[in-house]
Amino acid sequence: MAKSNSEGKTKHRNRDDRARAPGTADHWTPEAVALLGQASDRAIAARLGRTHYSVKKKRTSLNIADYEAWPSELIAVLGTATDADIAKEFGKTRANVTMKRLSLNIQPFTTANSKPAILPPAIVELLGKIPDHQIASLTGYAQATIWRYRERLGIDALRPNILPEAANALLGAVPDTEVAKQYGVAPSSVGRRRRELGIERMTKPSAKLPEAATVKLGVHPDPVIAMEFDVPVHVVYNRRREMAIPRYSGVQWTEEFIALLGTQSDKAIAAVLGTNRNAVSNKRRSLGIASFRPYVMTPEIKALVGTVSDMEIAQRTGIKYATIGAYRRGLATLKSKAAQSRLPG
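The sequence shown maps to residues 1 to 345 in the UniProt record's numbering.
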């Protein structure tokens with residue numbers, strides 16, 4: 001006859017009672033409590049001479065998360081992004097990430113805690129001279145980063161002035177860009193006035209980038225080169241693309257820096273090099289280097305499925321937890337269909 005649950009629990013309690021020191025109501029010393037969550041409940045139970053049941057009960061009563069192997073790369077990013085983003089990236093729950101961060105006394109990620117970006121001098125020179133959104137588009141930095149940096153330096157944003165009436169005489173006689181430069185307004189302001197007056201545009205002859213400028217392509221931002229050689233930005237951009245030169249990223253790609261590509265996430269490498277993730281991603285892809293977290297289930301990885309937990313496979317291989325789970329469920333479906341097909345009709 002099978003034993004009831006109450007009989008099983010009584011057996012657990014009796015074994016725990018035998019493990020308590022004489023004259024004590026509970027032998028959970030501070031040293032013993034400190035072990036909870038630092039290893040599996042079974043390992044702690046064996047070390048303390050208690051049952052797995054009693055260790056689990058004590059741990060849950062203290063709201064201590066169950067032990068789970070945490071990869072070093074996950075520990076390293078705690079507090080550098082929101083718990084939700086980290087949980088999504090590493091296939092964990094947000095609650096687990098939060099508990100782990102709190103257990104290590106790591107402050108949550110906030111804008112105030114994040115390290116401010118350091119913009120290269122060449123980009124700082126553009127602040128206030130062209131709109132923030134254009135700088136962001138040309139350099140790969142977030143517009144919010146450009147805005148905060150400019151505000152911190154006390155540089156006013158570019159606010160085109162109203163084109164004076166005296167400029168009307170030049171409309172259509174010289175290119176809009178020349179009028180804009182002369183009066184310190186945006187070319188769009190000149191174009192708007194010209195169209196209101198029904199004046200046709202005068203186009204400037206196609207500009208060519210001097211050979212002396214080609215050595216600076218990718219070494220400095222396109223707008224800086226354009227300003228130095230007095231040509232439109234698109235001329236610099238097109239020439240750089242023709243020569244297959246990556247855009248300026250603020251990083252001098254030494255052999256040491258290139259060796260990092262693919263060994264960590266692009267975001268982590270960008271933080272180390274003081275640049276943005278797009279710059280690292282573009283460089284990695286231009287060299288044909290695979291990303292740090294591959295999503296391909298190789299035969300070796302497939303052979304592990306079902307032999308150990310999905311989480312352990314994810315930690316060993318870097319494959320996303322969800323990717324492994326999807327493959328395992330698909331494999332189970334195939335096996336089920338194969339078994340049904342073998343049943344006698």
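Please note that a few of the clues may not be correct.
[As the list claims (entries may be wrong)] Pairs of lysine-lysine residues, derived as DSSO-like cross-links and limited to a Cα-Cα distance of at most 30 Å, are as follows:
(1) K216 to K181
(2) K320 to K56
(3) K320 to K302
(4) K92 to K129
(5) K208 to K129
(6) K320 to K88
(7) K100 to K56
(8) K88 to K129
(9) K267 to K56
(10) K302 to K58
[What the hints assert, rightly or not] Restraint-style ranges between C-beta atoms, simulated for each label pair:
(11) V215 to L287: 18 to 28 Å
(12) E256 to I118: 18 to 28 Å
(13) A84 to K181: 42 to 52 Å
(14) R152 to A84: 42 to 52 Å
(15) N238 to P299: 24 to 34 Å
(16) A169 to R285: 28 to 38 Å
(17) S286 to A122: 33 to 43 Å
Just so you know, the hints here were simulated from the structure itself, not pulled from any lab data.
Since the model is a prediction, treat every value here as computed from it, not as a measurement.
Idealized CB from N, CA, C, for every residue including glycine.
Against the structure, the hints:
1. K216 to K181: 24 Å, holds
2. K320 to K56: Holds: K320 and K56 sit about 29 Å apart, inside 30 Å.
3. K320 to K302: With a Cα-Cα distance of about 13 Å, the restraint between K320 and K302 holds, given a limit of 30 Å.
4. K92 to K129: 45 Å, violated
5. K208 to K129: Holds, at about 23 Å.
6. K320 to K88: 9 Å, holds
7. K100 to K56: Cα-Cα ~18 Å, so holds.
8. K88 to K129: Roughly 39 Å separates the two Cα atoms, so the pair is violated.
9. K267 to K56: 38 Å, violated
10. K302 to K58: 38 Å, violated
11. V215 to L287: 18 to 28 Å: 22 Å, holds
12. E256 to I118: 18 to 28 Å: Holds, at about 19 Å.
13. A84 to K181: 42 to 52 Å: 47 Å, holds
14. R152 to A84: 42 to 52 Å: With Cβ atoms ~28 Å apart, the hint is violated.
15. N238 to P299: 24 to 34 Å: With a Cβ separation near 45 Å, N238 and P299 fall outside 24 to 34 Å, so the hint is violated.
16. A169 to R285: 28 to 38 Å: With Cβ atoms ~51 Å apart, the hint is violated.
17. S286 to A122: 33 to 43 Å: 21 Å, violated
Of the numbered hints stated above, those contradicted by the structure are hints 4, 8, 9, 10, 14, 15, 16, 17, listed in ascending order.
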